[in-house]
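Enquirer: All chains should be built: construct the whole structure from the sequences, respecting the hints.
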Amino acid sequence: MVTTFLAPQEEVSFKNPADEVVLKGTFSLPQTETPVPAVVLLHGSAPFDRNSTMLGHQPFLVMADHLSKRGIAVLRFDKRGAGESGGDYNSADLRDFAQDGLAAVEYLKSRKEIDPNAIGFIGHSEGGMTAAYAATQSDDIAFVVSLAAPCVKWEELILTQEEALQRADGVPEDQIQESLAFRKELFKVLSQESDPNKGEILLKALFDQRTTNSCYGPPEAQIAFFNSKWFRFSFTYDPATALKNLKCPILALNGDLDLVVSPSQNLSRIEQTLKDAGHSDYKTQVLPNHNHGMQTCKTGTFAEYAQSPETLSPQVLDEITNWILSRAAW
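Take the sequence shown: its position 243, counting from 1, is numbered 247 in the working numbering, and each next residue is one higher.
What the hints contain is simulated information worked out from the structure, not anything from laboratory work. In this text, a Cβ means the ideal position worked out from N, Cα and C, and glycines have one as well. Some hints could be false.
What the hints assert, rightly or not - With a Cα cut of at most 27 Å, we get these calculated DSS-like pairs of lysine-lysine:
# : residue 1 : residue 2
1 : LYS208    : LYS188
2 : LYS157    : LYS279
3 : LYS116    : LYS19
4 : LYS251    : LYS208
5 : LYS248    : LYS233
6 : LYS28     : LYS113
7 : LYS208    : LYS248
What the hints assert, rightly or not - Per label pair, the in silico range of CB-to-CB distance:
#  : residue 1 : residue 2 : range
8  : GLY174    : GLU37     : 31 to 39 Å
9  : LEU210    : LYS113    : 25 to 33 Å
10 : THR245    : SER195    : 12 to 20 Å
11 : PRO176    : PRO21     : 29 to 37 Å
12 : ARG99     : SER272    : 21 to 29 Å
13 : GLY174    : ASN326    : 34 to 42 Å
14 : GLN276    : ALA50     : 25 to 33 Å
15 : VAL175    : SER330    : 40 to 48 Å
16 : GLY221    : ASP97     : 18 to 26 Å
17 : PRO292    : ASN94     : 32 to 40 Å
18 : GLU88     : ARG171    : 33 to 41 Å
Expert: What follows is the structure, given as structure tokens:
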């Protein structure tokens, strides 16, 4: 999907003072009377560039274009260790990404064109978790939009998503069950051994015992992934913790054909957590025929994601924009 930008764009850089990482991105300013509301876009779990480029699509570019045309400024930036941004992605976790997001907010507050009381986050997948966490660390966040975000611990999340994805791809049932049993053994190692060096030895021994091939790549890569600082933190982190302490308005959307972050497992918990916490301004919505990438779809598989001519569905873009603009008379 090709987007022709009409709003002025500016290449910018800002620094995360917590660890001096310099982040680079693009600031999009509406051609309207200022000051205007603004959003910071937060990526999912990969070293994405500022446009969140994946499988032939650039959803953050499309989102920035749409929001800018509707009077909302946008700051999208390369994730640390990706694109032109500094830092090391592999040594970071959700807390570091949250600090990067708050540094972006501080940059927006320095711009005279931006209403400092109307700056929020839009986060996709892990970015939705990051947004909620970051919003609990600052009183300056006016709102959070959470797209297809997890709200269970990652052991439960991954077991559910791998089963759904394999079943959608037609993997035989006995292979699915064998894969799930192996994952449970892997997670048992992570639960029982907090030291990454010792964990690596135990994980290698576990993979050496496996007699069947894995569809998830070589053992070395899987061990590095599951034993990383990022995964180990996410494995023990409960996303509901941040939601319980969230004070600002939040919109949470999930597609009913999301095979990565199941709405019945995650969006329902988001809603229940906010309700139990007595949150006064939230909206949750399941979108029919939408996948994890927030595209309209028929199956929700990654193959369909890549083949679709649609980067983000018009319904998603309108739901986000209208909700943000309805928070106040901006």
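Enquirer: A separate judgement is required for each hint: does it hold in the structure or not?
Expert: These are the hints, each one checked on the structure:
| no. | hint | verdict |
| --- | --- | --- |
| 1 | LYS208 - LYS188 | holds, 15 Å |
| 2 | LYS157 - LYS279 | holds, 19 Å |
| 3 | LYS116 - LYS19 | holds, 19 Å |
| 4 | LYS251 - LYS208 | violated, 43 Å |
| 5 | LYS248 - LYS233 | holds, 25 Å |
| 6 | LYS28 - LYS113 | holds, 16 Å |
| 7 | LYS208 - LYS248 | violated, 38 Å |
| 8 | GLY174 - GLU37: 31 to 39 Å | violated, 55 Å |
| 9 | LEU210 - LYS113: 25 to 33 Å | violated, 48 Å |
| 10 | THR245 - SER195: 12 to 20 Å | holds, 18 Å |
| 11 | PRO176 - PRO21: 29 to 37 Å | violated, 52 Å |
| 12 | ARG99 - SER272: 21 to 29 Å | holds, 26 Å |
| 13 | GLY174 - ASN326: 34 to 42 Å | holds, 39 Å |
| 14 | GLN276 - ALA50: 25 to 33 Å | holds, 29 Å |
| 15 | VAL175 - SER330: 40 to 48 Å | holds, 44 Å |
| 16 | GLY221 - ASP97: 18 to 26 Å | holds, 21 Å |
| 17 | PRO292 - ASN94: 32 to 40 Å | holds, 38 Å |
| 18 | GLU88 - ARG171: 33 to 41 Å | holds, 40 Å |
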